[in-house]
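Asks: Residues per chain are reported as follows:
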Amino acid sequence: MFLLGFLTRRLAQGVVIVLLVTFLIFTLLRVIPGDPVRLMVGGMAPDTLVEEIAEEMGLRDPIPVQFARYLSGVVQGDLGQSFVRPASGAAVGGAAFDDATRGERAQVLTLITETAPYTIQLALLAMALALVVAVPIGVFAGLSPGRWPDRMALYLGSVFVSVPNFWLGIVLALVFSVQLGWLPAIGYENFAYTILPAIVLAVEIAPFIIRTLSVSVAQVMRESYIAAAAVRGLGQTRIIMAHALKNASVPLLNLLGVQFSLLLGGVLVVEFIFDYPGLGLLTINAVLQRDFPLIQGIAIVTSVAFVMINIFVDLLATMIDPRLEY
Amino acid sequence: MTDTPLLGVRGLTVEAGRAEAAPRILDDVSFSLQAKRILGVIGPGGSGKTTLAHALVNWLRPPLEVTSGEIRFRGEDILAMPSDRAARLRGKTIAYVGGDPQGAMNPTMHVGEQIIEKLRAVEPGVSYKEARERAVALLGAVHIPSPEQRFGEYPFQYSGGMMQRAMIVDALIANPELLIADSITQPLDVTVGAQILKLMRELSERFDTAILFISASLPTVADVADEVLVLEGGRVAECAPVDDVISRPRHAATRKLINELPKLWHRDGTTPVAATDKAQTVLSVQNVSRVYPIKNKSGLGKPKLLQAVRDVSFDIHAGENFGVVGESGCGKSTLMRLLTALEKPDTGHIVFDGEDVFGRGRAGTRRFRREVQLVLQDPFGSLPPQSSIGEIISEPLVIHGEGDRRRRRARALDMMGEVGLDKSLYESLPTRLTAGQRQRVNVARAMILEPRLMIMDETLSALDQTEQSRLIDLFERLQAQHGFTYLFISHDIALVRRVCARIAVMYLGEVVELAANERLFFDPGHPYSKALLSAAPTLEDRRYRPEDCLLEGEPPSPIDLPPGCAFASRCPSAHDRCREVNPPPVYRGEHDRAACHLLQPEPVAS
Ligand SMILES: Nc1ncnc2c1ncn2[C@@H]1O[C@H](COP(=O)(O)OP(=O)(O)OP(=O)(O)O)[C@@H](O)[C@H]1O
Ligand code: SF4
Ligand SMILES: [Mg+2]
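From first to last, the protein sequence lines stand for chains D and F. For the first sequence, the residue numbers in the numbering used here are 33 to 358. For the second sequence, the residue numbers in the numbering used here are 15 to 620.
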């Protein structure tokens with residue numbers, strides 16, 4: 033009963049959020065300067081042709097009309113077609129205004145579903161690496177507040193936080209790829225290509241995990257039921273594993289939800305440096321090419337992902353701490 | 015073998031640190047406890063009772079440590095044992111229950127699971143199934159209703175009294191030989207505390223457990239213990255059988271404890287009397303109700319209603335002390351928020367000085383905020399730690415834009431003098447003050463605007479008897495000088511007996527009885543009033559025997575109340591009509607009234 037009510041309410045909220053995001057992006061894209069049709073047909077094409085194509089694509093209709101048309105497509109699972117990308121692959125050159133390839137422009141949905149797995153893979157690996165390093169450090173720090181593990185965690189965190197990701201990316205690529213030749217860096221051919229960018233991202237996320245965990249573990253360890261557990265006869269290992277860590281994990285869960293959403297939405301810099309063919313790179317190119325349908329499609333998909341992750345995290349949190357069921 | 019006591023403590027000394035000048039918290043404490051006996055430990059606040067309990071279960075936290083002495087359990091010194099052996103005694107052979115039941119269990123795990131976890135930690139051979147059976151059986155034995163269902167609930171779904179029972183189950187489930195119970199009734203309502211005491215007696219007989227029963231209240235200890243040990247300043251003042259301690263106290267500390275006990279049925283002509291009819295009505299509460307909608311858990315469906323205050327009416331006359339008593343959750347604090355205009359009632363009127371509190375203009379509201387002042391319970395939370403005491407006391411003058419700096423300082427110093435705070439404290443921070451001093455700061459701060467009505471919401475609850483008595487004397491003196499009217503909101507029936515002329519008894523949001531002090535204590539009309547009186551801790555001969563009046567269970571939830579008398583679920587005299595019709599107030603004389611079907615109206619004596 034709780035679950036049903038919770039899901040209904042949160043999904044309804046989610047739909048509203050996604051609609052708002054879509055509308056905002058849609059309007060913004062249409063009011064900022066720069067005509068996508070001009071980019072499509074190239075600088076040499078006559079103005080009349082530009083107008084003609086724009087009319088034909090419906091780009092001169094009032095914004096609400098365009099939006100309504102777009103939405104009706106979206107609810108049927110049709111995110112439209114890319115302005116510039118042919119179904120076959122690389123972006124269309126600017127000079128090709130003879131329009132022969134119009135019919136074969138790529139479906140936005142296809143572009144996203146082809147790219148997203150790379151980003152998800154990158155995000156998951158980065159998350160896993162970050163957790164493997166940060167969880168023991170954070171827990172250890174939280175168990176001995178003010179003493180050396182805590183201080184060490186603090187220093188390590190500060191160092192990680194202050195490393196710029198583009199710099200780290202370049203250094204890692206130079207060392208491991210160019211000099212040692214252990215790992216590939218640019219593009220994507222197999223799983224190994226994910227490792228270096230994932231390390232860069234993990235370094236970015238780890239300090240947040242360390243900090244959150246050490247604070248929440250230290251806080252839980254000060255709770256009276258932890259002290260009382262020892263007097264009740266429970267062993268120290270059991271107290272930490274079964275009680276302290278479980279209750280300390282709720283703030284971590286929230287943090288992971290936010291971080292994962294951010295990773296999905298745009299690891300722009302890192303994907304750009306490593307030329308990693310994920311959603312980030314797709315976004316950058318779409319923006320550079322003023323590929324409106326693609327930008328919108330990415331925005332919708334990432335905001336849906338954001339909403340779902342949030343719901344999932346909150347659901348998990350109430351399962352750990354039932355007091356959160358309000 | 016028979017000569018060795020179960021627990022023998024010799025020369026136990028606990029100090030806060032190893033330094034030469036380290037304070038001694040326990041000083042040369044010696045006593046012994048035989049198997050299956052109950053030894054009570056009493057002493058004023060800070061006398062070292064909790065420290066003693068913690069030392070016995072090896073739970074002293076730095077800087078506290080045992081610097082000399084021995085604790086022999088069955089002849090073997092616990093302090094000299096290898097630490098893993100001592101650890102195995104904890105929870106298994108020596109169990110502990112403290113005064114903070116809500117904080118004693120993990121809030122995110124079922125209560126039952128935690129009891130099982132504990133049992134299996136100290137008795138690894140027990141199967142899950144057997145542990146569960148034992149836990150459910152014991153939960154039933156301590157009178158937790160429907161234990162099977164309660165087993166799978168979380169601590170926050172338990173009331174304080176139920177949680178305390180669960181902690182007792184947790185302590186007893188491994189059949190310990192010694193149970194250390196520190197202030198276990200302190201956080202509970204008196205009627206629930208009385209049930210727990212009864213339970214302790216039953217359990218010690220049934221399970222043959224020796225109990226070290228610690229409490230600050232002599233009547234409570236006298237109720238359960240065979241022998242009493244009196245602690246005073248960390249030393250043993252005396253140790254003797256209960257009756258001897260009460261009838262022939264040998265030590266000054268014991269006599270002091272006995273003398274300070276409030277007398278409920280002692281007539282010495284000092285009972286506060288009600289103001290005459292001609293006295294002006296300061297505050298008039300007329301049919302006031304407050305309902306809170308409670309959001310449904312899933313967020314769907316229509317919200318339930320929590321009726322916090324229901325149709326409450328009374329008048330407070332100038333110069334008269336009015337008391338509101340009732341147990342936790344009866345709506346006292348909601349009433350306080352309504353009376354101080356922090357919240358608006360849903361129905362009814364609150365009239366101060368002839369004018370509706372919520373119908374006043376700006377100037378009227380401002381005047382109201384000056385003339386009605388509130389002093390709250392928690393002396394530790396309510397003072398801002400960064401401001402000096404002088405600043406805190408003179409702050410209301412600043413808020414109301416009064417006087418210049420020099421005059422405000424003079425006023426604040428005056429107030430400090432009046433409430434008995436040393437003027438040299440003006441510049442100090444409140445962190446170093448004792449609980450009593452902090453409460454004086456709060457009183458001075460409330461008085462500085464020269465209010466007409468002071469509302470004391472559990473103001474004295476956190477203080478020990480001595481400090482309470484001093485503050486009550488102070489209140490009386492201030493009243494004589496400034497003509498304040500006091501409204502005391504309290505769960506402490508002995509306190510209202512001592513200071514209030516008229517008393518309203520609240521139960522589940524309603525005033526079930528309103529009577530003059532003498533009448534309420536010598537001839538209560540409502541069964542709930544009788545139950546409260548029978549449960550009050552006292553050494554006097556009780557006028558109302560717990561066997562006749564003591565309640566079972568706890569107040570039902572104020573959400574979705576059933577029709578009829580709200581007290582019917584616990585009332586020893588409930589009958590069919592009570593479950594259908596809510597009894598209207600019945601007047602017993604001109605001013606006193608109680609709401610119970612059993613009462614007959616009494617004509618007004620002319
Ligand atoms: N960690 C500590 N460091 C220094 N002094 C302490 C410490 N803990 C307690 N004390 C002091 O030891 C004395 C005894 O404290 P304890 O808590 O044992 O008293 P108590 O008899 O249980 O009081 P209460 O009735 O208020 O529960 C008090 O003066 C207290 O201030
Ligand atoms: S009305 Fe009935 S249930 Fe209520 S107090 Fe009186 S006898 Fe008890
Ligand atoms: Mg104590």
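If you are wondering where the hints come from, they were derived from the structure by calculation, not from laboratory data. We put the beta carbon where it would ideally sit given N, CA and C, even for glycine. Do not take every clue at face value.
The calculated label-pair distances, taken between Cβ atoms and stated as ranges, are [stated by the list, open to error]:
{"no.": "1", "chain 1": "F", "residue 1": "Lys318", "chain 2": "D", "residue 2": "Ala224", "range": "56 to 64 Å"}
{"no.": "2", "chain 1": "F", "residue 1": "Pro398", "chain 2": "D", "residue 2": "Leu36", "range": "57 to 65 Å"}
{"no.": "3", "chain 1": "F", "residue 1": "Lys143", "chain 2": "D", "residue 2": "Thr40", "range": "54 to 62 Å"}
{"no.": "4", "chain 1": "F", "residue 1": "Gly375", "chain 2": "D", "residue 2": "Leu300", "range": "55 to 63 Å"}
{"no.": "5", "chain 1": "D", "residue 1": "Leu36", "chain 2": "F", "residue 2": "Glu594", "range": "45 to 53 Å"}
{"no.": "6", "chain 1": "D", "residue 1": "Thr145", "chain 2": "F", "residue 2": "Lys318", "range": "53 to 61 Å"}
Restricting the straight-line Cα-Cα distance to at most 30 Å, the calculated cross-link-like pairs of lysine-lysine (BS3-like) are [what the hints assert, rightly or not]:
{"no.": "7", "chain 1": "F", "residue 1": "Lys143", "chain 2": "F", "residue 2": "Lys106"}
{"no.": "8", "chain 1": "F", "residue 1": "Lys277", "chain 2": "F", "residue 2": "Lys318"}
{"no.": "9", "chain 1": "D", "residue 1": "Lys278", "chain 2": "F", "residue 2": "Lys358"}
{"no.": "10", "chain 1": "D", "residue 1": "Lys278", "chain 2": "F", "residue 2": "Lys143"}
{"no.": "11", "chain 1": "F", "residue 1": "Lys106", "chain 2": "F", "residue 2": "Lys212"}
Asks: Taking the hints in turn, state whether each one holds.
Replies: Okay, the hints, checked on the actual structure:
no. : hint                              : verdict
1   : F:Lys318 <-> D:Ala224: 56 to 64 Å : holds (59 Å)
2   : F:Pro398 <-> D:Leu36: 57 to 65 Å  : violated (46 Å)
3   : F:Lys143 <-> D:Thr40: 54 to 62 Å  : violated (39 Å)
4   : F:Gly375 <-> D:Leu300: 55 to 63 Å : holds (60 Å)
5   : D:Leu36 <-> F:Glu594: 45 to 53 Å  : violated (37 Å)
6   : D:Thr145 <-> F:Lys318: 53 to 61 Å : violated (46 Å)
7   : F:Lys143 <-> F:Lys106             : holds (19 Å)
8   : F:Lys277 <-> F:Lys318             : violated (43 Å)
9   : D:Lys278 <-> F:Lys358             : violated (42 Å)
10  : D:Lys278 <-> F:Lys143             : holds (24 Å)
11  : F:Lys106 <-> F:Lys212             : holds (24 Å)
The structure fails hints 2, 3, 5, 6, 8 and 9 (numbered hints given earlier, in ascending order).
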